[in-house]
Amino acid sequence: MTSQAENLTNIDQFESGRSLWQDAWSRLKRNKLAIIGLSLLIFIGLVCILTPWIAPYSYEHQNLALGATPPSAQHWFGTDNLGRDLMTRVMYGGRVSLAVGLIATAVALTIGVTWGAIAGYTGGKVDTIMMRLVDIIYALPFMIFIVLLMVVFGRSLLLLFLAIGAVEWLTMARIVRGQVQTLRQLEFVEAAISIGLSKATIIRRHIIPNALGPVIVYTTLTIPNVMLLEAFLSFLGLGIQPPQSSWGVLISNGVEGMEEYPWLLIFPGLALSIVLFSLNFLGDGLRDALDVRASKD
Amino acid sequence: MALLSIENLAVSFYTRNGITRAVRDISFSVELGETLAIVGESGSGKSVSCYSMLGLIPCPPGKIESGKALFDGVDLLNCSDTKLREIRGNKIAMIFQDPMTCLNPYLTVGEQLVEPLIYHKKLSRAEAKKKAIDLMTEVGIRTPEENFDAWPHEFSGGMRQRVMIAMALIAEPQLLIADEPTTALDVTIQKQILDLIADIQKKRNIGVIFISHDLGVVKNLADKVIVMKAGQIVEQGTAQEVLSNPKHEYTQKLLAAIPSGAKDTPHHNNSDSQILVQVKNLVTDFKVKGNVFRAVNDVSFNIYSKEILGLVGESGSGKSTIGRSILRLVNASGGSVTYHSEELLNKNAQQMKPLRRKMQMIFQDPYASLNPRMTIYDTLAEPMKLHGIAKGAELNQAVLKLMDDVGLARAFVRKYPHEFSGGQRQRIAIGRAIATKPEFIVADEPVSALDVTIQKQILELIGYLVDKHELSMLFISHDLAVVRKLCDRVIVLKHGVLVESGEVETLWQNPQHDYTRDLLQAVMH
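Just so you know, the sequences run in chain order A and B.
To convert, count from 1 in the first sequence and add 1; that's the working numbering.
To convert, count from 1 in the second sequence and add 638; that's the working numbering.
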């Protein structure tokens, strides 16, 4: 006898519900700008990853006889004053810029979310001490902080990631703490306590997943921020050093010869702008897609 | 001619998820000096029907598909914005559910009454103040001269609702629309506000539309009653007709859902039951901006095994705090709570963990008490996994069984909370509470956020589960009628102090304390 009831005993055969993430994704899909942004980001990301294999030239190969030439069939983006292919350099620069953006943001994300969640959930004195510490670091002038780090530890790419991340996590911590403070008072957290779950499990399973919406959105806004910081630091000579390049370095070089060789500024600037716009559109789209109020009607 | 007559009104909302036909072709009318009650459950279209004629629904997504709303010979659905605004301000006034959000917290109560009098009625300041004090007297605010300079936050909910009514009366409206004006108030206050509205209606001879989900509230107030379901009028007639001789089956269902009468099942005999939870001299303080607020003040009572003890009191009486103190969700400041003679208050989180398996809680708001990012399966499986009750295939079976127990279809197991209605969510929450096979459950107003018909189902479910699993329960509620239906004994709490306790029926027949009498009177209208 295979009755209906017996058929219904295997959990895996039940249709799974639409999670809020699936819901958000279906809303995001309808947002054209966000999808264009996402596609562009994926495309640029792929190009940067594959650069060593697909780049037409070597990034340090010089051709002094050639000098700076405008865009042509051989050099789509033109060449710089040392005769290096600009497209190759933009591609290699993208690797650095995107890596800085992603890694520094990941650092900021990890520290910020953990810090904010613990402070917000624990509350009381712990919260006060943790958040006052954030305030203190906020008050330190960012440039001096980074210059000091560079002076003490020497210049390195890794240090650059860490330094930027160490500054960017502060806002993240504040956002997460605010979220968590509201969440902490909801009944499902009380329910989790009355089940007997430990503090760490409650934060991990019940608090953080519900605080992620604003975090994700803020992350998409942090990445461009970080990339601009790197550009700024490199512009000041504190970041990436030649012959390596990043979009920030390329732009700062391009500015010098802006009048005679405008393409040296235009192409790296364009690459940076496209990524920044895409991230902003994606962030906007995510914010709308993850809005709980929108999912209620 | 009727003061207001609605003809064939239909309103739809065009949302992403499709078209919701909120109001479908309804007609009704109100005369001067008449009170019309519109009754229905949430989502029945009772508010939309009134808001749409005043231009108070957002369009889009809302759209008025057809119909007329004739007020004093003017079609409200088809007149200019200016005209509508004029009517809205002067001839039709509204009062809402939550009086706190409707008052400006940065202006004194008197100022909020004086301002419209100066601007709209062109009175001088002195005249306006005199008029405002008259109005405050009319709505029953004691010592209006002194309260004139009070701030909204210094007023209780009932007082604020009186201020809202006074504001509505400034324009000397011919029609007053009251949208669930007493839902956010305590039962004893609720009665006073209803009396006030009835009083004003008689004195001023105006028309009143009273929107409510509660047929019991409407009973003594309305001349005519409309019952709405899914945007349609299913029954209308005089209050007498509809309430004593309901024709439509939905009205009958609504009436039957009002809790009445005593508990059906025989009483547990306490003399041979043992004490399960003993609360002795419990004190719980909260620190509010440096001040100590004593929420629970020296409360002692016992909960016997296999009984349902009702805990009754108004909002702010400390009843939820008692429940949470017992379960150590808030920290008590003094006294003792024992469970099977084992002291709970001095245990740390680690020591509490094995006991938590035996003591669970059902919360008030089924929208807040479930983690929106977890499926029903995860929600129900979590406590069982934690306490090692079941794992692997056994766990799946246990979850499915639990869903049978609380009356949820097994096919829902992988869905998320937002895909369920309030009643279904409360079933999930109840399932979570009984997942660890506890002995003792604190139920904190588990039905007060639900519609009456759903409320009835959930109460039946709770009664069934208590019997089946031989649970003991502390049932916290503000509603004596619900408590009478479900509980064996009851304790009454006022301002954190226990004022009366006893068998439910004894207390119902012969209340000793004045406060209990007030509560009972409010329930019986």
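The set of hints was computed from the structure by calculation and includes no laboratory data.
Since the model is a prediction, treat every value here as computed from it, not as a measurement.
Be a bit skeptical, because a hint or two may be false.
Below, computed lysine-lysine pairings styled on BS3-like, alpha-carbon distance capped at 25 Å [said to hold, decoys possible]:
| id | chain 1 | residue 1 | chain 2 | residue 2 |
| --- | --- | --- | --- | --- |
| 1 | B | 985 | A | 126 |
| 2 | B | 840 | B | 918 |
| 3 | A | 200 | B | 985 |
| 4 | A | 200 | B | 996 |
| 5 | B | 1023 | A | 200 |
| 6 | A | 200 | B | 1075 |
| 7 | B | 706 | A | 200 |
| 8 | B | 1106 | B | 1075 |
| 9 | A | 126 | B | 1023 |
| 10 | B | 840 | B | 759 |
| 11 | B | 729 | B | 706 |
| 12 | A | 200 | B | 991 |
| 13 | B | 768 | B | 721 |
| 14 | B | 1075 | B | 996 |
Incomplete in silico selection of chain A near chain B, CB under 8 Å [stated by the list, open to error]:
| id | residue |
| --- | --- |
| 15 | 46 |
| 16 | 49 |
| 17 | 191 |
| 18 | 197 |
| 19 | 211 |
| 20 | 258 |
Glycine included, C-beta positions come from ideal geometry on N, C-alpha and C.
> CA of residue 985(B) to CA of residue 126(A), is that 25 Å or under?
Replying inline: holds, 22 Å
>> Hint check: residue 1075(B) vs residue 996(B), CA-CA at most 25 Å. Holds or violated?
In response: holds, 7 Å
>> Just to be careful, I want the Cα atoms of residue 1023(B) and residue 200(A) compared with a cutoff of 25 Å; is the pair within it?
In response: holds, 16 Å
> Going straight from one Cα to the other, do residue 200(A) and residue 996(B) come out at no more than 25 Å?
Replying inline: Distance of about 20 Å is within 25 Å: holds.
> Straight-line Cα separation of residue 840(B) and residue 759(B) no greater than 25 Å?
Replying inline: It holds: about 24 Å lies between the C-alpha atoms, which stays within 25 Å.
> Taking 8 Å as the limit, does the beta-carbon of residue 46(A) come near enough to a beta-carbon in chain B?
Replying inline: Given a least distance of 28 Å, the restraint on residue 46(A) is violated.
> Is the hinted pair residue 200(A) and residue 991(B) satisfied, with a Cα-Cα distance of at most 25 Å?
Replying inline: Holds: residue 200(A) and residue 991(B) sit about 12 Å apart, inside 25 Å.
> Does residue 200(A) pair with residue 985(B) here, judged by a C-alpha cut-off of 25 Å?
Replying inline: holds, 16 Å
>> A closest beta-carbon separation below 8 Å is what the hint needs, so does residue 197(A) meet it against chain B?
In response: Where the cut-off is 8 Å and the nearest Cβ of chain B is about 4 Å from residue 197(A), the hint holds.
>> Can you confirm whether the C-alpha distance between residue 840(B) and residue 918(B) stays at or below 25 Å?
In response: violated, 51 Å
>> Please verify whether residue 706(B) and residue 200(A) have alpha carbons no more than 25 Å apart.
In response: Not OK: residue 706(B) and residue 200(A) at ~59 Å, beyond 25 Å, violated.
> Regarding the pair residue 126(A) and residue 1023(B), is the alpha-carbon distance no greater than 25 Å?
Replying inline: The given pair, whose Cα atoms are some 33 Å apart, is violated under the 25 Å limit.
Of the numbered hints listed earlier, those contradicted by the structure are 2, 7, 9, 13, 15, 16 and 20.
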